[in-house]
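Enquirer: Those protein sequence lines, which keep their order, are chains L and F. Sequential numbering from 1 applies to the first sequence in the working numbering. Sequential numbering from 1 applies to the second sequence in the working numbering.
Read the hints as simulated data drawn from the structure, not as lab findings. It is possible that some hints are incorrect.
[To be verified] Simulated coverage check for chain L against chain F, where a stretch passes if three residues somewhere in it have a Cβ under 8 Å from a Cβ of chain F:
id, segment
1, 13-19
2, 78-92
3, 95-101
4, 105-114
[Stated by the list, open to error] Quick list of the computed label-pair ranges, beta carbon to beta carbon:
id, chain 1, residue 1, chain 2, residue 2, range
5, F, Gly191, L, Gly98, 57 to 63 Å
6, F, Val195, L, Ala77, 52 to 58 Å
7, L, Val139, F, Arg321, 28 to 34 Å
8, F, Arg321, L, Gly98, 24 to 30 Å
9, L, Gly98, F, Thr156, 47 to 53 Å
10, F, Arg321, L, Gly132, 20 to 26 Å
11, F, Gly236, L, Ala77, 21 to 27 Å
12, L, Ala77, F, Glu44, 39 to 45 Å
13, L, Pro151, F, Arg321, 47 to 53 Å
14, L, Gly98, F, Gly271, 19 to 25 Å
For glycine and all other residues, C-beta sits at the position ideal for the given N, C-alpha and C.
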Amino acid sequence: MQALPPLKPFNRRVRLVRSWRGLAIGATVGAAIGTGWAVLDWFNVFYAEPIGIAAVIGGGAIVGAIWGALGKISESALAQSIDRRAGLEDRLSSAQTGQGAYQDQIAEDAEARLAALRPAQLYPLRFGRWQGGAIALSVVAASIFLLGNTPLLLLEQAKQTQAELKKEGQKVQRVIKENLEDPREKQSLTEAEKRLADEMRRYQKDLERARMSKEESLQKAEELTKKADDLMKQNAQASLKSLETGQSQLEKAEQDKLNQANLGMVTPSMAKMSDAERKQALAKNKAEQKELERQLAEIEKRMAEIQKQLKNPNLSKAERDALEKERQALESQKKALDKQLKDAKDQEQAIQLSKEAQDIFKKMTEDPIYKEMQELAKQMKQNAEAAQAGKKPPMTKEERLALQKRLEELANQLKDPKAMQEYLKAMLAAMKAGGAMGRCAGLFPGPGRLPLPIPWAGAPSQDQWMGDTGMINKFDKGVAGGGKTTPTIVSGEKREGAPDQAYVEIKAPAQIGNRSSVPYIKVLPSYRRKAEAAMRHDEIPKEHEKRVKEYFKGLGQ
Amino acid sequence: MNPETFRQTFERIRTEVQKTIVGQHDVVEGVLIGLAANGHVLLEGMPGLGKTLLVRSLAQALHLSYSRIQFTPDMMPADVTGTNVLNQDRAVEFRRGPIFANIVLADEINRATPKTQSAMLEAMQERGVTVGGQRYELAEPFLVMATQNPVEQEGTYPLPEAQLDRFFFKLIVPYPSKADLADIVMRTTGGENPVAQTVATSEEVLAMRAVVRDVTIAPNVLDYALSLVVATHPEGPDSALFAGRYCRYGASPRGAQSLVTAGKVHALLAGRFNVAKEDLKKAMKPVLRHRILLNFEADADGVTADRVLDEVASFVDSRDRDPIRA
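In isolation and in its complexed conformation, chain L is listed as follows (with noise of 0.2 Å):
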């Protein structure tokens, strides 16, 4: 029987075909998702770079290729193709069956007409719709993408405005580097660092992508603020009262070691006093024995009278009450007193041992360990205290991170008494608060206390962002005769002709001028006071109360 003819050549023609159509195809749909991803862009939902578009496009076209060039093609459905391409009346398709009388003379026909076909002749690369969408749609993406981001059909001021915020956005791109994605820090971080700096990285890429208004950057600026601020200061309020509890523990560390040396009634303190001290506390003790001695003497002459006195039978009944109850009334005096003269003298006795306990104490005050603990629990409650206090922590991070290593390093070395082990890791948890709360400060330390990632966000300059929107009535300079402050007037009444968006409500921080130097939580109340009498008169629209009275909330806050 005839060989069936060979069809090598057209599979491998119609994979190569099939992975330009499927190229093509993934590369519509990449395409179509970049399209998409470029109005989100557009739209600020989700940004999209350039790089991104175009590995998505090519992705698909990839993926597409690799689908057509690895799809199955049976041999009776690419007989039954050529067949219809080539117009070979199903002789091809009737050759592959194998059956029939004439089964030869079809194969040799089947044969003879596909010698005279080209593979390429039946499967041409056509550029066909597929192609013509995929490249309709990378060119829609591309276009929505530039135009998102193009600052060709700005105004100059806007182009201006865009390029600040870019700059700005580098910085903040800095600030984030620097404090949230360093890699000794990195797996450190707390669950609520991780929601500042996913906000932080948004808000830079807002800044950068300059899809914001400078009125939104500062708003968002204040929010990022504040709850940096916040954070620092949990932080710090953690890392102090790890500190604490650290330091009940070395108390107890000392007093166990003082308990071991059969000095029990010897406090850690006393242990600590020098001669002259333990001198003067046996001189104030012998006085306060001597005073409460006096004290009880002069108690049991008065109970001596009045035991003489009851002893009278013409006492009257109410005069015998009385006596008795000043009777019970010292009773219990002398002995409260009793017990303050024994703690006395039982503390003359432990300052007389303290002596013999400071040498104890001092082996272990002495060790070098110690004092180095007590040099760095020291400094992390001064960078603790400065960060609750909402200033800047005074140590850097490079500082903080030195110290954390040593912290580590020490509470390997020591490896004895488990009240001291107790105090380190108190130590180092204070350090890691103290390292978040380090962080926290990095990234917004707040309006006009440090200067900032954002220049406009509160920095004591003449900068005049908070100005320059346009949208309020703004004065630059002072108003003659209208002092040295600078009035932003919010009218409860629109205008005669003014646009209907008179003014924008801006929840930026404050500006500090140079021109007024009164704290505002001063002015606020009168401020407050006029603004409600405002509502009450009904100078303020009804749908714009709920706005100013939280304004005021929220300045009071």
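Go by the hints and put chain F onto chain L.
Expert: Same frame as chain L, but now just chain F:
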């Protein structure tokens, strides 16, 4: 006989018949395809278009016996099949009717009563006649060409669908063109009167039929043929929209058999050993036009069976796509 000899023989017969028949190429080819496919042919056309001449010429070309039955309403089945008669020797003798010929022209078959039609069609199907309990085989090759007059429907008995289904082909005999008509007039009114010569034998016809059966049909081509048939079914899931609107009944399985057989003959005539879809398309109308029953709406809209079949073919073609989308 091999396919090449088949084609040569076929062409020889056709050439010879065409010597006497002017024009009507499709009809002649259709009749010859019916002969090669062992099927009977129903001719529909006006009187005087050369149907009898075609039968006679064909018989002469093949050196076969032929007979012509002019059907009338008073014709009895025995007039067709034959009957037992007492001969001079007082013995019962079967006197063969006109059906006992190789080629039978059943002229205006729709004028016979259903009883006579039934006897005729039964003989066509069974290839034999049973009279008085005795079966008489008909000669092979056996070909019936029945004619119907599309006009003058009064007093006729239209063939029922079941009987129509027994015809392999239904051919429409058209009026000759002006040129053909001139040729006809010149031939028949002049001194020259061409007569077909014998160019093939009955054995060759039988051999041709054997060759037809051996032609290969690929599964996808068979599927195409079946799709054509199924698409005529008005209520089937794969029916063509047009068929669904205008058909009362679609083609029967016998239609599918006939379509494939006719396709095979066409393939051989095209010099191929396999059936192509083109062959099926060529065979489609003569095979299926009498097998689909149109509804009232088709009559009202003036839609013919051929029109429905054109739409069916378009429908099936639209679904018959290249299996490789590249």
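Enquirer: Report holds or violated for chain F covering the segment 78-92 of chain L, Cβ cut-off 8 Å, minimum 3 residues.
Expert: holds (count 8)
Enquirer: Range first: 21 to 27 Å. Now tell me if the beta carbons of Gly236 of chain F and Ala77 of chain L are that far apart.
Expert: Given range 21 to 27 Å: holds, Cβ gap about 25 Å.
Enquirer: Do three or more residues of the segment 95-101 of chain L come closer than 8 Å to chain F, measuring C-beta to C-beta?
Expert: The restraint on the segment 95-101 of chain L holds, since 6 of its residues have a Cβ under 8 Å from chain F and three suffice.
Enquirer: Does the Cβ-Cβ separation between Val195 of chain F and Ala77 of chain L fall within 52 to 58 Å?
Expert: Holds, since Val195 of chain F and Ala77 of chain L (Cβ atoms, about 54 Å apart) stay within the stated range.
Enquirer: With 47 to 53 Å as the target window, see if Gly98 of chain L and Thr156 of chain F comply at their CB atoms.
Expert: Distance hint for Gly98 of chain L, Thr156 of chain F holds at roughly 51 Å.
Enquirer: Within the assertion that chain F covers the segment 13-19 of chain L, do at least three residues meet a Cβ-to-Cβ distance smaller than 8 Å?
Expert: Our answer is that it holds, as 3 residues pass the Cβ test (under 8 Å) against chain F, meeting three.
Enquirer: Can you tell me whether the CB distance of Arg321 of chain F to Gly132 of chain L sits inside 20 to 26 Å?
Expert: Taking Cβ atoms as reference, Arg321 of chain F and Gly132 of chain L lie about 21 Å apart, which means the hint holds.
Enquirer: Per the hint of 24 to 30 Å, is the separation of the Cβ atoms of Arg321 of chain F and Gly98 of chain L within bounds?
Expert: Since Arg321 of chain F and Gly98 of chain L have Cβ atoms about 25 Å apart, the given range 24 to 30 Å holds.
Enquirer: Regarding Val139 of chain L and Arg321 of chain F, is the given constraint of 28 to 34 Å on their beta-carbon distance met?
Expert: 31 Å, holds
Enquirer: Holds or violated: the 39 to 45 Å window for the beta-carbon distance between Ala77 of chain L and Glu44 of chain F?
Expert: Check passed, 42 Å falls within 39 to 45 Å.
Enquirer: Check the following: the C-beta atoms of Gly191 of chain F and Gly98 of chain L are separated by a distance inside 57 to 63 Å.
Expert: For Gly98 of chain L against Gly191 of chain F, whose Cβ atoms are near 59 Å apart, the range 57 to 63 Å holds.
Enquirer: Take the C-beta atom of Pro151 of chain L and the C-beta atom of Arg321 of chain F, compute their distance, and say whether it sits inside 47 to 53 Å.
Expert: Given a distance of about 51 Å, which is inside 47 to 53 Å, the answer is holds.
Going through the hint list in order, the structure satisfies each hint without exception.
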